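For the protein sequence lines, the chains are A and B, in the order given. With our numbering applied, the first sequence corresponds to residues -1 to 227, in that order. With our numbering applied, the second sequence corresponds to residues 110 to 221, in that order.
Treat the hints with care, as some may be off.
[Stated by the list, open to error] Keeping only pairs whose Cα atoms sit at most 30 Å apart, straight-line, the calculated DSBU-like set for lysine-lysine is:
1) A:LYS77 / B:LYS221
2) A:LYS0 / A:LYS19
3) A:LYS159 / B:LYS221
4) B:LYS216 / A:LYS12
[To be verified] Calculated from the model, a selection of chain A residues having no Cβ within reach of chain B, i.e. all distances over 10 Å:
5) ILE25
6) VAL31
7) ASN57
8) LYS77
9) LYS127
10) CYS184
It should be emphasised that the hints constitute simulated quantities derived from the structure, not laboratory data. It should be emphasised that the depicted structure is a prediction, and the values quoted were computed from it without experimental measurement. Each residue gets a CB set at the ideal place from its N, CA and C atoms; glycine is no exception.
What follows is the residue order along each chain.
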Amino acid sequence: MKLTIVIPAYNEGKVIASVLKLMPKKIKGASSVQTIVVNDGSTDNTYDEAAKYADYVANHVINLGAGAAVITGFAAAKKIGTDVVVMLDADGQHNPKNIEKLIEPIINKKADIVIGTRMLNSKGMPAIKVFGNWSMNVMTFITTGGWSTDTQSGMRAISRKALDRMQLQAVGFEYCSEIVGEAKRCKLKLKEVPIQTIYTDYSKAKGQSIVNAINIFTKLLAIRISGKK
Amino acid sequence: MIIITKIIAILLALMVISKSFYDYKRKRESFVTFMFWSLAWVFIVYVALVPKIFYSFATKLADQNIGIGTFVGLAFIFLFYITYRVYMKAHRLEQQIRDIVMRIGIKDIEEK
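Generate the whole structure from the sequences, applying the supplied hints.
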């Protein structure tokens, strides 16, 4: 089973090298592990740093948004013939040691999408973020009908079957909710696995703002209204 | 209320004309485009300052007295149509740009 780690990155030049150095070369259950960084039109040295340590770098010549970077990452993963994709944030908040338990339900055919949830053990997460995440879960349920305890988690494992079925349209951070909604629409099996998050001043500063939630909500509604092709 | 409408019309016209002039000076738009938007907004300000022009226009156009409401209604329909067309065009262009950027992004990625 071919595993691909997809890391969307925008202006993460300061940390991307250290994040990539921590990526495992071998994972139990995977015949190969490769890393794709999607540089989303960064204006710093993200591309150069990623090119040194990642197996592949997909480069957006302009900044499109996190969702667009994820769609590109999935397309790149399909192109190299991947069986399972694991998504991680580029700010270093995800512990690569969690990858093994994240892909386990997919290997055992018990899930098509596995979300690494931070909310089952939200110790250390700022209270405002806990509130924001639960609000986004409710918004996701209202707009897509899909449910997860951590819809906004950036750490997920996605099977090839799910990659082929989902029709992602979101270009911004609303893609997180859209994935949960697509799991429901495409009748994919969604599971959750608790993960530990590494909170640093850098990763805390990089998170989404509460104000952005309104923007995400309206975009999700627009996607819902316009429907899937 | 009428005075406020006139002030808003003048301020908006000044904003649009100055922005258009700025773009023309920076060679972002042509002289014809600059003149088109300037004249259009001068006309809008004129209509805002002298709304009675509608009555004489309506009399000449329809040879009868039609209410100002009819004009406002027609203007709304026209503006919504224009907004819809501009929105659809912008949306389509955005999608096309996105597709191009994504395709370029994975162009060189081949299975190792």
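Evaluated hints:
no. : hint                : result
1   : A:LYS77 / B:LYS221  : 11 Å, holds
2   : A:LYS0 / A:LYS19    : 20 Å, holds
3   : A:LYS159 / B:LYS221 : 22 Å, holds
4   : B:LYS216 / A:LYS12  : 27 Å, holds
5   : ILE25               : 18 Å, holds
6   : VAL31               : 12 Å, holds
7   : ASN57               : 6 Å, violated
8   : LYS77               : 6 Å, violated
9   : LYS127              : 29 Å, holds
10  : CYS184              : 21 Å, holds
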